[in-house]
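K.L.:
Between the sequences and the hints, there should be enough to build the whole structure, so can you do that?
Numbering (my numbering) for the sequence shown: 139 to 367.
Keep in mind that the hints were calculated from the coordinates and are not lab data.
A couple of the hints might just be wrong.
To be verified - Here are the simulated DSSO-like pairs of lysine-lysine, each with C-alpha atoms no more than 30 Å apart in a straight line:
{"id": "1", "residue 1": "K316", "residue 2": "K236"}
{"id": "2", "residue 1": "K317", "residue 2": "K236"}
{"id": "3", "residue 1": "K301", "residue 2": "K282"}
{"id": "4", "residue 1": "K301", "residue 2": "K192"}
{"id": "5", "residue 1": "K329", "residue 2": "K236"}
{"id": "6", "residue 1": "K317", "residue 2": "K282"}
{"id": "7", "residue 1": "K301", "residue 2": "K197"}
{"id": "8", "residue 1": "K329", "residue 2": "K282"}
{"id": "9", "residue 1": "K282", "residue 2": "K190"}
{"id": "10", "residue 1": "K321", "residue 2": "K236"}
{"id": "11", "residue 1": "K329", "residue 2": "K316"}
{"id": "12", "residue 1": "K282", "residue 2": "K257"}
{"id": "13", "residue 1": "K282", "residue 2": "K192"}
{"id": "14", "residue 1": "K301", "residue 2": "K316"}
{"id": "15", "residue 1": "K257", "residue 2": "K192"}
{"id": "16", "residue 1": "K282", "residue 2": "K316"}
{"id": "17", "residue 1": "K301", "residue 2": "K317"}
{"id": "18", "residue 1": "K329", "residue 2": "K317"}
{"id": "19", "residue 1": "K197", "residue 2": "K257"}
{"id": "20", "residue 1": "K282", "residue 2": "K197"}
{"id": "21", "residue 1": "K190", "residue 2": "K257"}
Source: prediction; values computed, not measured.
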Amino acid sequence: MARCSSCNAPLPDGSPRCDYCGSRNDIDLKGIHFYTTHENDSPRICPRCDVKLKTIDLKLNGTFLIDRCDQCLGLFFDPGELEALLEATVSNVFLIDKTGLDGINLHRQPEQYAISYIKCPVCSQLMNRVNFGVRSGVIVDRCKAHGVWLDGGELRHLFEWMKLGGKLLDQEHQEQIKKEEQKKEIERREKLSAYRSGSPSFDEFGDPLRRSDPDLFDIVYAAIRFFTR
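P.N.:
Laid out in structure tokens, this is it:
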């Protein structure tokens, strides 16, 4: 369990603010990877505080840059960076603890901000609100072109989600969706093949023999045959 850097009290899940002393706690990136803060400010703007973000190099397999707001402690990741950080930080997880996953969401603090659409730090266009994974409890703000925004405390929550097998559960869910889509596609192709292989037969105009679902093509074809006899 994460603890407050000021008073050592347990931190509430999903929030950077300590309930005991009121201090705001940054995610412990130093405990994960050594990082340095670049001297030059990033031109990217915090969607919460409207100030320039600081660029941080996590030194993960070489240069690994993310952007952070010094005021709200929010983080912005370029496309694919958040997933890469989670994979590199949390490893050797082989079991899904569904009880634990339910628990971290049950005791999670209420959202820090009112539900709203915020602007991308890069292009200033409104980002989409997207559920991250299955049962993570975190709704991220995503710009398809430029990346993902996490509010303060959400990265710590995603670390716990990964440790409890959340990524494995998400993979199972995606595999199930894929299988269902493949099944539907096979059924669609079988129906199409059966329709193409069968030749419609008619005895009189508008009276298809033993067919329960004649379509418009069948009816028009029957009419042409009737009037051209």
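K.L.:
If a hint holds in the structure, say so; if it doesn't, say that too.
P.N.:
Hints versus structure:
1. K316 x K236: 22 Å, holds
2. K317 x K236: Status holds; Cα separation ~22 Å.
3. K301 x K282: The hint holds at about 27 Å.
4. K301 x K192: The given pair, whose Cα atoms are some 28 Å apart, holds under the 30 Å limit.
5. K329 x K236: With Cα atoms ~39 Å apart, K329 and K236 exceed 30 Å; violated.
6. K317 x K282: 26 Å, holds
7. K301 x K197: 22 Å, holds
8. K329 x K282: 36 Å, violated
9. K282 x K190: 21 Å, holds
10. K321 x K236: 28 Å, holds
11. K329 x K316: 20 Å, holds
12. K282 x K257: 12 Å, holds
13. K282 x K192: With a Cα-Cα distance of about 22 Å, the restraint between K282 and K192 holds, given a limit of 30 Å.
14. K301 x K316: 25 Å, holds
15. K257 x K192: Judged against 30 Å, a Cα distance of about 17 Å means the pair holds.
16. K282 x K316: Roughly 22 Å separates the two Cα atoms, so the pair holds.
17. K301 x K317: Roughly 26 Å separates the two Cα atoms, so the pair holds.
18. K329 x K317: Roughly 19 Å between the alpha carbons, so the hint for K329 and K317 holds.
19. K197 x K257: 28 Å, holds
20. K282 x K197: 25 Å, holds
21. K190 x K257: 14 Å, holds
The structure is inconsistent with the numbered hints 5 and 8, although it conforms to all the rest.
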